[in-house]
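Full structure from sequences and hints, please.
Chains A and B, in that order, give the protein sequences.
If you use numbering that gives the first Met the number 0, the first sequence corresponds to residues 0 to 218, in order.
If you use numbering that gives the first Met the number 0, the second sequence corresponds to residues 0 to 246, in order.
Each hint should be verified, as a subset may be incorrect.
As a list, the in silico DMTMM-like pairs of lysine to aspartate or glutamate whose alpha-carbon atoms are at most 20 angstroms apart [as the list claims (entries may be wrong)]:
# : chain 1 : residue 1 : chain 2 : residue 2
1 : B       : Lys225    : B       : Glu22
2 : A       : Lys68     : A       : Asp117
3 : B       : Lys90     : A       : Asp7
4 : A       : Lys68     : B       : Glu153
Simulated from the structure, these hints should not be mistaken for laboratory data.
One-letter residues, chain by chain:
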Amino acid sequence: MLALASRDLRISFRQPGEVLTPAMFFVLVTTLFPLGLSPQPELLRTIAPGVVWVAALLAVLVGQESLFKSDYEDGSLEQLVLSPMPLPLVAITRVTSHWLATGLPVVVLAPLMGLLMDYPTQAMGCLVLSLLLGTFTLSLLGAVGAALTVGLRQGSMLMPILVLPLAVPVLIFGAHAVAQAANGEDPSGVLYLLAAFLVLGITLAPFAIAAAVRVSLES
Amino acid sequence: MDKYSWAWFHRFASPPYVYRVAELWAPWFAWIAGLLIAAGLYGGLWSSPPDYQQGDGFRIIYIHVPSAYLSMMCYGIVATASTIGLVWRMKIAHTVAVAAAPLGASFTFLALITGALWGKPMWGAYWVWDARLTSELILLFLYLGFIALSRAYEDSRSGDRAGAVLALVGVVNLPIIHYSVVWWSSLHQGSTKFFGGNADIQTSMLMPLLLMIFGFTCLFAACLAKRVQLELLGRERNAAWAAEAVR
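Written out as structure tokens, the structure reads:
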């Protein structure tokens, strides 16, 4: 499991482009909102939680597309399925290492984008924590979609369509926690719920990902 | 021993058998649906009194409630059929799921449209970001995702299984989506109590509504039977029985 994780991480860091793409995407999408709406600080402060969260959600899902792509194309995915390690375990290892390479940079950049959106600095901790919990759940959901569409030609467009409706609860609670913290309220209740989603995702998603990988390899 | 025989169940694994059963049942469901809906419409549009608050506007519930109920029941059918298909590798179950999904999407769409038409005079807006409306909209997206995914595969068996995995992920998520959206915002009226001493709805309005609900369910069953037949013919187009059936 560790060997697999370190292999995945080494491959990711040798291609810095792949690591930086979701983070760049996140920064650019967030930048579009002040440009498209208006740069007034009051407006930015109101929309900041939603904008940062929507941008992070899209960035993570876009990043998930590459999760199984290269392994599917060069046949390593079949080797992973045939390996003695249970496939759900392979799946969660892969999702974790992929999240470390693509999801974590988004979380790290979030406070910076929060500053650009005039988000109060004392609430930054909640922003980071909610994204930490939420983006990993989104990675797991996105992995199901990525595994289902990896063998399809139009997969890159189909994957977000499948996964976005399922991501709604995470978005609602994530953005709500961030908004609560900005208003000076205690967001811990909502953060607990996000943590509960994460636990549920870690428990169930690996089996769905494994089943989806098998379907994709059979076709 | 014969009493516990599963032969009746195993026969449902055979496409020609299911095709014949559907052929037999579809007209019955269609006729019953026609009668029930006709009776329900008469009761709903003529013989029941206008609502004391909403006037005649409330009459859209005779379409809206059955559609909304079917939109959810149909997702249950898709998910159940998907489970059976994944666990027992039963091709017919996948066929039923694939045939039911567009029907479910249609009823979801109908529920949204009738709700929007009712909402304009009652709430003052076609669309409000209310909990039930939003979760119904997300349900529509889930149906469309299922349809898109199961058709995206060139090999229908892979498409079936991929769709089934998605349907199961969706069914785990649906309650979470529903309750998170409820918690997020709610404007839709609460559930109506239909039966018992202090029921919220009068008998003259309840009867047509029940007729419509049963009528729509029969309509759904008739459409589903026909769609399953069509899907089976498409999948088994090279089989001898299919050529026999369309002759």
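Hints that the structure is at odds with (numbers, increasing): Violated: hints 2 and 3.
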